[in-house]
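Participant: Full structure from sequences and hints, please.
Chains as they are written, first to last, in this note's numbering: chain S, 1 to 336; chain L, 1 to 413.
By construction, these hints were calculated from the structure, which means they are not laboratory data. Since we're looking at a predicted model, the values are computed, not measured. Glycine is no exception: its CB is placed at the ideal position from the N, C-alpha and C atoms. Honestly, I wouldn't trust all of these hints.
Unchecked claim - Chain L is nowhere near these chain S residues, computed Cβ spacing over 12 angstroms in every case:
1) 5
2) 12
3) 70
4) 117
5) 242
Unchecked claim - No more than 25 angstroms apart at the CA atoms, straight line, and that leaves these computed lysine to any residue pairs for SDA-like:
6) S:197 x S:168
7) S:299 x L:2
8) S:303 x L:52
9) S:37 x L:328
10) S:37 x L:126
11) S:285 x S:261
12) S:299 x L:21
13) L:136 x L:126
14) L:43 x S:193
15) S:72 x L:240
16) L:328 x S:275
17) L:21 x S:275
18) S:303 x L:28
19) L:377 x S:299
20) S:303 x S:292
21) S:37 x L:40
22) S:299 x L:49
23) L:43 x L:67
24) S:37 x L:52
25) S:197 x S:163
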Amino acid sequence: MRSLQERFEQDRRFKPDTELLQHLYEQMLLIRRFEEKAGQLYGLGLIGGFCHLYIGQEAVAVGLQSALQEGKDSVITGYRDHGHMLAYGIDPKIIMAELTGRAAGISRGKGGSMHMFSTEHAFYGGHGIVGAQVSLGGGLAFAHKYRQDGGLCLAYFGDGAANQGQVYETMNMAALWKLPIVFVVENNQYAMGTSVKRSSAETEFHRRGTAFRIPGMDVNGMDVLEVRQSAEVAFAHVREGNGPVLMELNTYRYRGHSMSDPAKYRTREEVQGVRDTSDPIEGAKADLLKMGVDEDELKDIDKRIKAQVAEAAEFAENSPLPAESELYTDVLVGSY
Amino acid sequence: MPIELKMPALSPTMEEGTLAKWLVKEGDAVSSGTVLAEIETDKATMEFESIDEGTVGKILVPEGSEGVKVGTVIAVLAGEGEDVIPAKAGTSSSENESSGKTDEAPASAGVTEVVKPAPAAPATDPAIPAGTNIVKLTVREALRDAMAEEMRRDERVFVMGEEVAEYQGAYKVTQGLLEEFGPGRVVDTPITEYGFAGIGTGAAMGGLRPVVEFMTFNFAMQAIEHIVNSAAKTNYMSGGQMRCPVVFRGPNGAASRVGAQHSQNYGPWYASVPGLIVIAPYDASDAKGLLKAAIRSEDPVVFLENELVYGRTFEVAQLDDHVLPIGKARIVREGSDVTIVAYSIAVGLALDAAETLAGEGIEAEVVDLRTLRPLDKDTILASLAKTNYMSGGQMRCPVVFRGPNGAASRVGA
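Facilitator: This is the structure:
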């Protein structure tokens, strides 16, 4: 059960070419700027309901998803899902428009922040009930195995969700039936306002699979190259038909749990400390500069992304609302 | 261009707040993440962070100001190398930014016509061709045949649940399926309803057609979260992307002397959930035809059987592919004096009651609902119009309806 961790520790960081690292950098920066803009739009009342931002955690989705087989592997997560969608290269306009509830949104304006889906990209949501996505992910993996299509399911959940009973029920069946699923705990240290120390008897989440003989991996989720390397190790194991893996990605969110969270449960210094020392985007930037990429080129990327995000915000503000008849569509597929 | 900083809404319901404290002053440089101010509402004090880079040009709303409306410009940031053009203090944001609505929102107070999709034309049971062989089957055999036929027809259909494979079914409903279809398609699960209902739902979202058996629907309460929040609601929330063609089936309602925890009728609970189809057949022919329809449906179906009826024998037409319509009730006994509406095991009780009434010269019409959601109101109301008296037999709890002309009457069941 430590075999994958041992293999990973032999070489913890992926060695990308400049093009790949720049691509990962751009993806993370897009998520960062998009989420900041979403926070702003929420403050202006253009986005309502719940809005959970991914700021600080960008390297996790970007690093893991860069190792997936496009169109073959499936992904499922909870409600902090904007970053996972953007990591697919989906147009930020239609994601922002979903946040503002417009008809052009990716769920036709009927899902909102927590319920974004793109079955076209094999991205299955976007789920609001903590932990539900883990059993559903088990089902997606079951379907991959049933069809023998060579795909795997990447199922993300948080440190809070990691205590849910259904997670362990799913781990048991996944290990028993050797389902091709990668369980990913995005440990951002807090489940809403409750720190991992206050909610979990076992805070080393990568050990949570030992009861079912599932190998675990402990990964620095703030380093996109480490994340990518861990994905290479984990996905190879699963693709070979060996059954599930449990990965713990240690990360941090700079903002509160959601837009309504004043985040009084941690100090400003703690947040700033992580931001100063471990920011995933600054880290990738430092690597790029070391590889010889020009600083001005990176500034241009930032400008371009800011413009892209501004365009998305404008589209999302001006795009029409869904027709009222949409209250009645998609409740059922058939008519009876 | 100078950037206007506007009073943010810190919760979905906040309309105004107090600008408690400025943490920067005019001339300070700020960047993404700099905390600009503390804003107080009645619920909490939150920090307002900058997302842009620049210099604080002009602070327009002083510290301590109460009742600042969301959207009010509170300060202006100058970008790199810019002069600040201060906006008039306390102005609300310009019109084209403040409203989330579009020009299409109805300006008049008149009622907007909301067009509901037209209901489907009422389906009827397919006619049975003359000369068709009629066989006698128990309900459990009929259910097994339905599953076997659908599994032969469509590779995506599989069955999962406790004891469905090697044990041949806790109530022997899945008898013989493992032998014909193998363990890949007839899957024994551990006793973990929440988990395997989620796995079944996820498999349906991933393109398969699972039939998830609950040993009884009492145990499905552990799984009800997935039935309702995952299976029923996700297609709507995804704008039609996430279909979930799963069938949850198993015994429901009263059994014999098994105690309160093993005897509840969940029909009314599931029948109140939009996005679910809820079917509760009585006889073997309906059980078979409706289970086939349920498996073929693109929607999630809760299929409620009854353990005491599994062993009863009824006539079933021997047809290759007899699929019945979902959402259509059936008149199982015609009468003109009173209507009794029932479903599942209560249909048998209603028919018994009808015999008793016939002995007293009262001809009862018995309506078997077959589907609880969507409810076939047309058939019920047509019968009520005919008889003017109605009693509903919900398993063992009669409910009484008043007809248009007559007083309510009660028929014991």
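Participant: Does each hint hold? Answer for all of them.
Facilitator: Hints and how they fare:
| no. | hint | in the structure |
| --- | --- | --- |
| 1 | 5 | 26 angstroms, holds |
| 2 | 12 | 28 angstroms, holds |
| 3 | 70 | 17 angstroms, holds |
| 4 | 117 | 4 angstroms, violated |
| 5 | 242 | 19 angstroms, holds |
| 6 | S:197 x S:168 | 20 angstroms, holds |
| 7 | S:299 x L:2 | 20 angstroms, holds |
| 8 | S:303 x L:52 | 12 angstroms, holds |
| 9 | S:37 x L:328 | 51 angstroms, violated |
| 10 | S:37 x L:126 | 57 angstroms, violated |
| 11 | S:285 x S:261 | 30 angstroms, violated |
| 12 | S:299 x L:21 | 33 angstroms, violated |
| 13 | L:136 x L:126 | 19 angstroms, holds |
| 14 | L:43 x S:193 | 16 angstroms, holds |
| 15 | S:72 x L:240 | 21 angstroms, holds |
| 16 | L:328 x S:275 | 61 angstroms, violated |
| 17 | L:21 x S:275 | 24 angstroms, holds |
| 18 | S:303 x L:28 | 23 angstroms, holds |
| 19 | L:377 x S:299 | 66 angstroms, violated |
| 20 | S:303 x S:292 | 20 angstroms, holds |
| 21 | S:37 x L:40 | 22 angstroms, holds |
| 22 | S:299 x L:49 | 22 angstroms, holds |
| 23 | L:43 x L:67 | 14 angstroms, holds |
| 24 | S:37 x L:52 | 10 angstroms, holds |
| 25 | S:197 x S:163 | 12 angstroms, holds |
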